[in-house]
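Residue numbers (the numbering used here), protein chains in the order written: chain A, 1 to 961; chain B, 1 to 961.
Misleading hints may appear alongside valid ones.
[To be verified] Selected chain B positions facing chain A (Cβ under 10 Å, derived; list incomplete):
id, residue
1, 177
2, 205
3, 251
Keep in mind that the hints were calculated from the coordinates and are not lab data. The beta-carbon is built from N, C-alpha and C at its ideal position, and this holds for glycine as well.
There are 2 protein chains.
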Amino acid sequence: MYIQSSPISWGNKGKTISLNSPTELPKASHFLWNKNMVAQVNCRGYVISQFMQPEPAKYSHGPNLEAKTFIQPEQPFYTEHPGRFFYIKDHATGEVFSLPYEPMRKTLDSFVFNAEMSEVRWQIKHLSWRFDIIFNLDLETNLEYWSLDVKNSDDSERKLSIYTCFSIGYMSWMNQAATFKPELNTIVASSVTAYQKVEDYPTVKNLNDKTFLMSDKKATSWCCSFADFVGEGGLTQPDAIQHGVLPSKTVNYETPIAVLQHDVTLEKHANESLCFLFGPANNIEEISEIKSKCHLAYFNNVRAEYLNYVQQCVGNLHFDSPNVGLNHVVNYWLPRQAFYHGDVNRLSTDPQTRNYLQDAMGMIYLSPSVTRERLIFALTQQQANGELPDGILLTDEAELKYINQVPHADHNVWLSLVLLAYLEQTGDTSVLDEVVAYADKKSSGTVTEHVEKALDWLINNTDRNGLSLIAQGDWCDPMNMVGYKGKGVSSWLTFATAYAIKCWVKICDQFLPTYNAKKHSHYQTSMQYLNNAALNAFQSGKWFGRGITDDGRLFGTEKDAEGKMFLNAQSWAMLSGVTTIAEQPEALTQINQHLLTPYGYTMLAPSYTKMVEDVGRITQKSPGVSENGSVYNHAAIFYAYALFEQGLTDQAFDVLTRMIALPESGINRDQLPNFVPNYYRGAYFQFPDYAGRSSNLFNTGTISWLMRCVNEHLCGFKGLTNGVEISPQLPSDWQGFGFSRQYRGALFTVEIIRDANIEQQQTSCNGRALAQNRLLNIKPDTSYKIEIKLPYVARTQAKLCIIMGVSGSGKTAVAKSLASQCNSVFVDADDFHSEWAKKQMAQGIPLDDNYRDHWITKLSTYLTTLRCQKQNTVLAYSGLKQKHRERFRTLGLDVRYFNLKVSEPILKQRLQNRETHFFDPNLLASQLSSMEQITTDEQDVVHIDGTQPLEEVINSIKDLI
Amino acid sequence: MYIQSSPISWGNKGKTISLNSPTELPKASHFLWNKNMVAQVNCRGYVISQFMQPEPAKYSHGPNLEAKTFIQPEQPFYTEHPGRFFYIKDHATGEVFSLPYEPMRKTLDSFVFNAEMSEVRWQIKHLSWRFDIIFNLDLETNLEYWSLDVKNSDDSERKLSIYTCFSIGYMSWMNQAATFKPELNTIVASSVTAYQKVEDYPTVKNLNDKTFLMSDKKATSWCCSFADFVGEGGLTQPDAIQHGVLPSKTVNYETPIAVLQHDVTLEKHANESLCFLFGPANNIEEISEIKSKCHLAYFNNVRAEYLNYVQQCVGNLHFDSPNVGLNHVVNYWLPRQAFYHGDVNRLSTDPQTRNYLQDAMGMIYLSPSVTRERLIFALTQQQANGELPDGILLTDEAELKYINQVPHADHNVWLSLVLLAYLEQTGDTSVLDEVVAYADKKSSGTVTEHVEKALDWLINNTDRNGLSLIAQGDWCDPMNMVGYKGKGVSSWLTFATAYAIKCWVKICDQFLPTYNAKKHSHYQTSMQYLNNAALNAFQSGKWFGRGITDDGRLFGTEKDAEGKMFLNAQSWAMLSGVTTIAEQPEALTQINQHLLTPYGYTMLAPSYTKMVEDVGRITQKSPGVSENGSVYNHAAIFYAYALFEQGLTDQAFDVLTRMIALPESGINRDQLPNFVPNYYRGAYFQFPDYAGRSSNLFNTGTISWLMRCVNEHLCGFKGLTNGVEISPQLPSDWQGFGFSRQYRGALFTVEIIRDANIEQQQTSCNGRALAQNRLLNIKPDTSYKIEIKLPYVARTQAKLCIIMGVSGSGKTAVAKSLASQCNSVFVDADDFHSEWAKKQMAQGIPLDDNYRDHWITKLSTYLTTLRCQKQNTVLAYSGLKQKHRERFRTLGLDVRYFNLKVSEPILKQRLQNRETHFFDPNLLASQLSSMEQITTDEQDVVHIDGTQPLEEVINSIKDLI
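Starting from the given sequences, assemble the full structure and let the hints guide the process.
What follows is the structure, given as structure tokens:
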């Protein structure tokens, strides 16, 4: 997971992300979408695409009968499928290779996979040929546009054959066939979606059951039969390509494939382009009509149009910070991902209400009228009793499906949050008075009334202790067995309800000056009541439990073997105001102790490895995956937002940047920085081999919150009714930065610098000082030049206290106890040993230097992560090697070593009394001999008598730090 | 599809079927089963297996998320899955190859795949190694038993590494993982079946979500990670095998695979066996308990036990005819397949009622008490109104699923048919008086009363014209839109109802001498009434239509462009007694004209290529596949049975043998003779490339009827209350044969010979002549030696009348008209041209000799098929080549040629007037020059003046034949 030099690079001022290897990040991918389809393109030539008819469907299938499934997190590609492959046969050498990489996987002279804002482009060179493959979509159809440009870079005429091979797969057990239509120069595969009941026929009848591959240039030959194409050679050495000319084979109830052959002769330095269209269709007439689109001029036109479409998302904010990679992401890639979510609702007909609202929230920076429209649309589906449904039905035919058939209790929460963000961004208070009908169509109310009803529903959806009932899930879908009997409650939901009320109170205070005082007081009181109830019920030791089950068990506490701590409960306790870091400084340490990893904060830890029947499905998910303790970015961004709100800017900024796969980060997550995935694998200590791996799934509620963090906190724009307060929160190592942004119709150009001579922020607009950093009465179509001076922040180095000593010296017990007494995270260096190494040690086999270096690297990465959180740490570590001790001194931490000295006979005795530890007592001799002398340069090493009682050892260390 | 020498051979006196190539019949397979599982084993190393928990489930999955599906007809195997592969690395040469063939597909020195009664065995030789791979099951668990014996055939010590690689695949999107348990020497993969609703948890909780691979010998190394095993080399060149030692890699939420490495060193001529167990499990304790089974002695014991189990089916009949292949099938393979169907009900918990009853019928020859028991069990699910349900629920938890949720109208039909067969076999009339409760559990009745109620339900389930209402299907499941509005009727069901009554009347006549006369007359009258109603309503031209739709349209007639004729309507009209061949000699010709192919009779023709909305789903199935016009053996065997009943023994016998893939047949159907598949592809004229290909699916209602044909007709055993009549029906070219069989507790040894001196059958028992060929008062535990003399049958040669002439000579019009006037099948030689050849001709390109030979071969095969049906035929054929004319003379037909002579100018004019024909007029010259002179040896050629009016041409030919 740790890489020396990144295969990823930026181009085109950050608008292009290039990957120069098909093997280093084999799952790296890009995605394209329009109103009817979405396609995820893997760098090696796999494409997972689905289109709406109106529910998501596929036209390129697996080789066996696929279960109905969406694009998945960690979408598995399997050998040879679902491919968009170009086999190339070079006539001069007879060599055959495949582009972009699969399925032949031959090493190519050079390879670049470019994720662009509006397309995917490969640039490949091999045997003095240059290939440019471009994939894009148009604005509304289900067509894949593929072009392959080949250039002869040689000085003489040469020939090649191109076999364009797109997967069609096993379309249906009922009927599937494919043939080539010469008049259309197109392979057309047909199928009938399987059904049995006569009442299903009308639906099946109208499905787009054809898949076609069309080319602009007349094909030399073709093949529709997977079996005849691959023969005994398989897709890696297809028989048909060995023969040279494809066998013109149709299929009838066999697995189809679409292969077209083009023979190309090119003079020296000449080039030629081939265009292909691939997609689903209803009938042959539809395909005939598409024929007119299959030429290069049309393709170029579509590329330009689609680029215009995607570029709509760019320009609200131009961010120019010292972190160049972050600038690119903030300026282009985040808006692009937010636009995908907000403009097409993740291509679902029944988005979950929470997703629908949060995705709409992301649009406040791109097109706030969309946010307003969607807020109001959601309210049309609110019951008259205030309850929002589990999903928002976008079409008349849509119905609640899958997870939306499971009752969740949180949907009402999001209304006031999104509304507040919308109002702060736009100042558009007219929305509050808009009258909207309820779902029953009989009654209606203003938006204000809708929100009040939503909040009252939440306030009433509580048990007799005032805690929020969870039903079969809250924000966390698979937490389905906490409250299914009707009693279980959720701490997160209780905090979230309080926070939703807090947001409404803020709306009332800011934007509704004449709001009814009695109601205001009702909400203030309710919020207080909820917070108090939560504080009483959920606090357990130094953190908050996650909920109380139907049977009255508080879980998510120190008592649990797995799922000890849940991030959301802690983040939202901060948001709701139940607690502050100032009041609970140890809370952060506990969060760092349990949830922090180099890939970000996990959603819970330890991940569950077996079913907990009063918690539910989440505990059955794979450990470290998805809700079961991955670095679930949606949860992590809530935490970042809460940290920003608490003024912990450095920590918040670290959480924020850690979820973006910046090439500069030195961490390989099998992910490009073109989007933030919904998760990275967690279970860092449980399954270290897989930890950090990206889901590569671009559907996530993370994005709108990430943009809020950037806009509200880094840029510091806090909207008021009649203006804006600008209070940027800069990471302490930034000496300044600038940005420009559109806000309420005006253009703000903001320059921020630190000034050693001031003690609090000073802000001027067009040279005029702003009181309270507020600019009031913003005029549209006006430019405001804002200059901000910020005081310097004293840098505090986090402390790393290393308790060193050989096995049996007591370092673990000392370190653990010391950490607990000094509000520090405890780290055991042994936890970073691999399973293999532990087995070696248990068998008495010493570890070699090479392995030890690797081990120290892992440990250092973790310590560095703690440093970024300004977290004081106590490390138990043998300290055998001088060079390893030296490495810890370079991590930017305030390091102190305490060497526990214990005589050999006592060590031996201690070790013999141990039973469970994996260390073989016979290894002691090896350790003692390996222990490299403390050199005179190592003045940070203090020797401590390790034979003293534990308390005394600790006290003597505490005296020194 | 036509092969020179078969790769299939018989061994072990017919109990072994050997295939000597992994590529010639790539889908050839065998199947094994027990009460809990079934496994289909492909010769190349793929295994599709499913087990009951209690519904069918898999433990070896696809690489992507599989749809829930059963073993399918023409089950597609896809690259590298689902495999049971053994990679072998020979240390001396470094060569790596895979056994039995996949996935490396290297040519092996020798290869034999043996389908045995109780196991599958490969014998493979390569690089002087000999490998014996055996796969079998035990009697009741879900374990796959695999053993690999390797022998060093060389004269010096050698080493090899064996990498046993079994597919586990994508187990679940929710949770999947795998690791190696050293204490069990076993790879254990775990998963959680995905679900979302809390109410599904109790079911999911108890599923066998583990898959394991266990070995008896300690593994040198192992790998559970598909990705790490294959690396960039893929399954055809796995990286891990290149490295030599597997990387001991566990997986967590990755695709698992089970690979174990064993390094073996063998002295010269030494051998070693490895044992493996593979299957599903619920938990690790279960797997631990299985460990004790994992050794060779246990395996050998299981093999012996399982052989005993399967051999139960053998022995009732020992058939010794001149057709050796048929003997093997009748003696071993048919009983085996019948046993599978009857003993385990195709491993379903809700078998369709018609399958359940017909499968029980097959057991009358193996274990008639099972038939009796199942008949009665089915009756417990009969409604008090007489109606049988769509499926029989075998367990308390079972429910009607899939197709059983679609209302079918035929289930009551099968009761009296099966009962009659049972009574004729056993004479056990006590069954008729058994009292059985109805499904309501309130009322009950004797079996006689149950049958009467069933028949009365059928009699009443008719429209006002007395025709049987079809609802959403009869025997033909996908005929779902004929009668879903409540009006459509089925000819087959009307005939079948009449036949069911006929069987009941026969039971009454034979086995119920005191049956109520009024009831007897009621059934007689009802049968007559149904037959008359059917005759009036369904007869259309020379055959019977298949039904009348809800909107009153008679379909399955000459008026239909597709689905002109359905076989079942014709067969069952014969069975019901509506018509006889004697009355309707032209019916057979029409059946041959429309439905006959070299692979057997198709169920309908032409196959539908587009939806017919008043017929339904059958028309949407792939043309030539399954019910849409395949050679659906269940329908074909009904026809054979009807032909036997009509005394058309030669024709019936041909139908019967044509459905068994005998190696001697010279036809490659990608099928071994170890079982009769449910279909062979039809659409012979529409999709000739695929016609004849086997479904390789062993689930079929064919088997019990095939055994009835053998027992009742070929052997001629017709059971009476108090004895048996023995009237064998021999194909005319058999000069005699013998068989022995168990019947009602006695042993019959029967010898049959033809005698030129007799005119009707003479039968003796132990030397004593039997009146009416009947042996009465059979005593159990007695041996009867039966000698039968049959008269010779004059062999009649079918006539082939060939109308020859070049394009434009009028041969097609003449041949067509002549065929119609002479009750002959019309054959157009042009129909056997490939699409490619037709295009060549249309472009004016003459066909070469090589192609023409191929064309004549196809045509000859078809003509031979007609000959076997004793069908007179008229062929329109250019007759250009003398050698081709000569070939037709060798087909065993009574051939006459009529050469239509027309002068070149008239020919040209005729051709110019044509529009639609694919022949290019410019080709005429080529044809005229190609026309080889009629030699003096060709005395069967008559020259006819082709310029006469059509009627005169025909009359002049008719005068001559």
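Each hint tested on the structure:
1. 177: With a minimum Cβ separation of about 7 Å from chain A (threshold 10 Å), the hint on residue 177 of chain B holds.
2. 205: 8 Å, holds
3. 251: This interface hint holds because 8 Å falls under the 10 Å limit.
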